[in-house]
Amino acid sequence: MASIGIAGAGVAGRLLAYQLALRGHRVTVFDPASGPEPAGDGQGAAGFTAAGMLSPLAELEHAPAEVAQLGARSLPLWQQVAAALAAQLGTRPDTYLRCAGSLLLAHPSDAGSAARVLARLEVAPQLVADLAAPQALSAAELGALEPELAPGLRGWLLAGEGQVFPYALLPALVAASEAVWCWNSRVSQLAPGRLTLADGDKLAFDWVIDARGLGAKDALPLRGVRGEVVWLHAPGVALQRPMRLMHPRHRVYMVPRPGDVIVVGASEIESADRSPVSLRSAVELMAAAHSAMPSLAEARILHLETNLRPALPDNLPQTDIEPGLIRLNGLFRHGWLMAPALVDDAIAAAGL
Amino acid sequence: MDTLNLYGTPLDSRLLLGTAGYPSPSVLAAAIVASCTQVVTVGLKRTLAGDGDNGFLQGVLQTLRAQGAHLLPNTAGCRSAREAIQLARMARELYDTRWIKLEVVGDEYTLQPDPWQLLEAASTLIAEGFQVFPYCTDDLVSCQRLLDAGCEVLMPWGAPIGSGQGLLNPWALRTLRERLPDAVLIVDAGIGAPSHAAAAMELGFDAVLLNSAVAHAGDPVLMAQAFGQVVAGARAGYRAGIMAAQAMAVASTPVTGRPFLIG
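Just so you know, the sequences run in chain order E and G.
Residue numbering for the first sequence follows my numbering, beginning at 32 and increasing consecutively.
Residue numbering for the second sequence follows my numbering, beginning at 42 and increasing consecutively.
Honestly, I wouldn't trust all of these hints.
Said to hold, decoys possible - Subject to a maximum C-alpha distance of 25 Å in a straight line, what follows is the list of computed DMTMM-like cross-link-like pairs (lysine to aspartate or glutamate):
1) Lys248/E <-> Asp237/E
2) Lys86/G <-> Glu299/E
3) Lys248/E <-> Glu353/E
4) Lys248/E <-> Asp345/E
5) Lys86/G <-> Glu336/E
6) Lys248/E <-> Asp230/E
7) Lys248/E <-> Asp94/G
8) Lys86/G <-> Glu124/G
9) Lys248/E <-> Glu299/E
10) Lys86/G <-> Glu315/E
11) Lys248/E <-> Glu336/E
12) Lys86/G <-> Asp345/E
13) Lys86/G <-> Glu219/G
Stated by the list, open to error - Here are some chain G residues pointing at chain E (derived, C-beta under 10 Å):
14) Val68
15) Arg87
16) Phe97
17) Gly147
18) Glu149
Calculated from the structure, these hints are not laboratory results.
Note that beta-carbon positions come from the ideal geometry of N, C-alpha and C, so glycine has one too.
Same shape as in the complex, but just chain G (with noise of 0.2 Å):
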């Protein structure tokens, strides 16, 4: 059997989906279902703010259970350590969970993680008993250090958040899953089309994260179920040992009488 492990967490599906900007509570739901994920993400930063929930984040919960899914609150909008910190205590006593994924976003304009911020957010709550998915950079001396505060679970970019381009990146990418083969590796953000998250489980990433891929899709619970057959494909063609490539034709039926390419 194929299990992800998440923290402990055995999961059969390896996406995890955001929940952000879908048309309504209802499509969101039913791209849920439609996905067969098992990870959820929701951020709590503006929900949290005032007098809380308006029913919505309850009907996600509701949704999860019935699937047999796993919350995953996010601190999406947070600037500083100091910020994630507090949100995650937040949530952690709201939804009783250690999962927390961490933003700590460094520029405004391309929403990149802010690598000091992450580390000493991810140490601190580490140390309080979280369970920590930064979102972090591709950077490899970066996530190594985020591996050695106590992560097991990195979450490097494909792209900027909600920017589509797909993995800008792949030779970070590779090299990242070369030199931390212990460490699980989500690709989280940027993925656009299904064959992006085809891309980041052929490179042998264990799981892919997205959000506006999936929303501001068309059809965002068929885009939601191309997702996620299209994510356990590319996982079994990754461990079935994909060939190597070659210039030259091969035929599959060898043709006698021809060895070699004369001339």
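Bound-form chain E, shown alone (with noise of 0.2 Å):
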């Protein structure tokens, strides 16, 4: 049984923590947040703003193939994490993930922005075993499937795709652990068995793990991709599944939550800005979620927020380990896609 401690409580420090606690481990986390609980500034883990899409195919759009492996591997072993969590904590694992598909849509005057997205994820078979190709539906079947979408829109289900809720996930993978969970404490610097704190303080451990997102800066060529959202509380407009729209100049997706939310993102935009929402975005994303779903105009605006994904120079995550130090860094926008099978792989290449 090795100690162990990690930096940053996003979503893969929070799993690490949860599965090498399961695994006997003495697990000490730090993150600069005052808790487990959501924030909802923007200024805590990248993790809390995301839609949490389980989606390794749509990603295949802008992604190489292989994030979408990764993101093939992670969400079978996101639904072991959910049921565990749910025997453990006396709820249900459908609290915690959903899989139910997804659906790519376009509006038929977007045909041509359509056609380039499948180009891309029809080659998604010869790339990852385990993904089909997008399904054309007929009208009939996207009715049936998503009674509230605009009529006429052309729709795609990507089965076997799915989505987390962050906001019960990344507190109940705390809630379940056995590690020790050190709020309002930042890192500072990371050596072979040694962490320092901000305020100064060196820790010993047998490991440590660098999990922190854009905190990880000064270690790691990282930077801050601006991702935008909007939540809107729609009751009535009854959302099964992720959908995104495909559209020549926007990417928009719509997300369900719990308690009638509907999660619209995201922006994607080349700066480290944290201040609020800009105008452009907002009417951006909410006028493409409006046509897609005419039903939402009586939605009420709750909650606008910006954050930063963490991103390396090839927006891929890396993962280095030498003996007494683990870096699991630069998830960007794929961190709830992906940190299973990461965090699994940088276990066992660790013999943890």
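Join these two chains into a complex; the hints should help.
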């Protein structure tokens, strides 16, 4: 049994702590946040702001096959985690995760954009064995799956995709693990077997793990990529699964959350600007969502949030392991998508 | 030596490359290198709207320095002369260049340039000492007005931005080349395939600017290399003088005894 210190309590840090504590290790986690719950201010873990889509296929639009492969492996791993958390905490697995597929949508006038995206996704079965190509739906089939969609929309089902609910899952990973959680503690430096806190304290462990997002900027060439989301309260607009609207200029998703909430996102801007959501992004996101679901017109705008995705120059995650030190950083827009596979691989490679 | 001259800056490469929509900054950097481009354009509107660069632009600049290439800031996303002028001034201050690729969009669906706002912005910026690269339509008269205002370079579209349709109106582009022999003409926007770029160069255009065709290719780095090669090749072809087409076959080796086709 090893003593392990983890810097960062985002998706990767919490999952690492949960998995390592399950294996019987003595785990301590450090994070500058004030506690395990979301603050909703866009200052904390990007995983709270994220949609939480488990969409290995849809991400192939912009990401390389490696991301799709990690995502495909991670999906069943999240299902196992959700089942275990439910058993342990006396909840239901669908508190944390739902797999009812996802939809790609396009207005008929944007058929050209849709064709470009679909052309990229159709190679999926050759890249990843577990992924099926998108399945074109008739108007009747689409209407049966999601009655609220605008008539005339084209739709494709990505069977097997799903979503996590970050506001439930992130706190549950803390509640269910035996790790010690040190909030309000920023790690300033990591070295093999040693963590230095911002207040100067040096702490010794058998292993230390860097699972920070942009907090690891001093150690790695990370940049923040601005993302903006809108939370809508839409009672009566029942949405069963995540959907993405394919559009020539905007990439927009709509994701259902408990409590009649629909999260609409997200911009992707090469800027490390954490200031509030811009008018342009808010208008574009909401106009796109409204065009796909006219019944959203009377939805109430609950919340606007900006956060930064931590990205390395190749936009791919990076795992580095040397004796006493693991670094797992740069999960960019794919933290929820790939964390379980990355965490399992890192634990196995370190022999923990 | 066949040199492209942009406002007094001599360049060997006739491919200008945009920086939006690549899978990652690493892929972008590799594409810039593979294309051998010497001019790279970067949209600043959304980056400069808030806190500024997250490291993306610094990364691009580093690649440019290593390659000896030039930054061409652009005003993509601006809808009025006023907005574009402001952004151009900001770009000059930040990146220490008089070059500005001037984009003023007049229609949201086609992203067609607004000729009037464009001319107004170009005139103002030239008076302030900028060297303006206007993204314009292929309309002869509005191109002429931009030249009158002091632009030395014109960048007419081949097709709407990002559409990849190639040269939709070769007649208009040919007319521009014939009527504006002294202007530096660059086809900007609409290029999808290397053959589109070759067609522009064979029309006698001085260069092509493209972005999506590389950024959204299956393998952007390989596509960047392909465009670099095809632009250089087609330019050489244009300079070599393309023979006129004719309807009948002409044997490379004369066939004796059959001087005329009878029957």
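Proposed proximity, Glu299/E with Lys248/E (alpha carbon, max 25 Å)
holds, 19 Å
Straight-line alpha-carbon gap Lys86/G to Glu315/E, limit 25 Å
Satisfied, since the Cα-Cα distance of roughly 16 Å is no more than 25 Å.
Does Asp345/E sit within 25 Å of Lys86/G, going by the straight-line distance between their CA atoms?
The given pair, whose Cα atoms are some 23 Å apart, holds under the 25 Å limit.
Against the 25 Å threshold, does the CA-CA distance of Lys248/E and Glu353/E hold or violate the hint?
Distance ~19 Å between Lys248/E and Glu353/E Cα, so the pair holds.
Do the numbers back the hint for Glu149/G, that is, is its least Cβ distance to chain E under 10 Å?
holds, 9 Å
Restraint status (C-alpha distance of Lys248/E to Asp237/E at most 25 Å):
Holds, at roughly 24 Å.
Interface hint for Gly147/G, Cβ within 10 Å of any Cβ on chain E:
Gly147/G check fails; min Cβ-Cβ to chain E is 16 Å, beyond 10 Å.
Holds or violated: are the alpha carbons of Lys248/E and Asp345/E at most 25 Å from each other?
holds, 15 Å
Has the given pair, Lys86/G with Glu299/E, been kept, meaning a C-alpha gap of at most 25 Å?
holds, 14 Å
Just to be careful, I want the Cα atoms of Lys86/G and Glu219/G compared with a cutoff of 25 Å; is the pair within it?
Outside the cut-off at roughly 35 Å; violated.
Under 10 Å is the threshold here; is the Cβ of Phe97/G close enough to any Cβ of chain E for the hint to stand?
Result: holds, 4 Å to nearest chain E Cβ.
Satisfaction of the Arg87/G interface hint, Cβ to chain E closer than 10 Å
Result: holds, 5 Å to nearest chain E Cβ.
Consistency with the previously given hints fails for numbers 13 and 17, ordered from lowest to highest.
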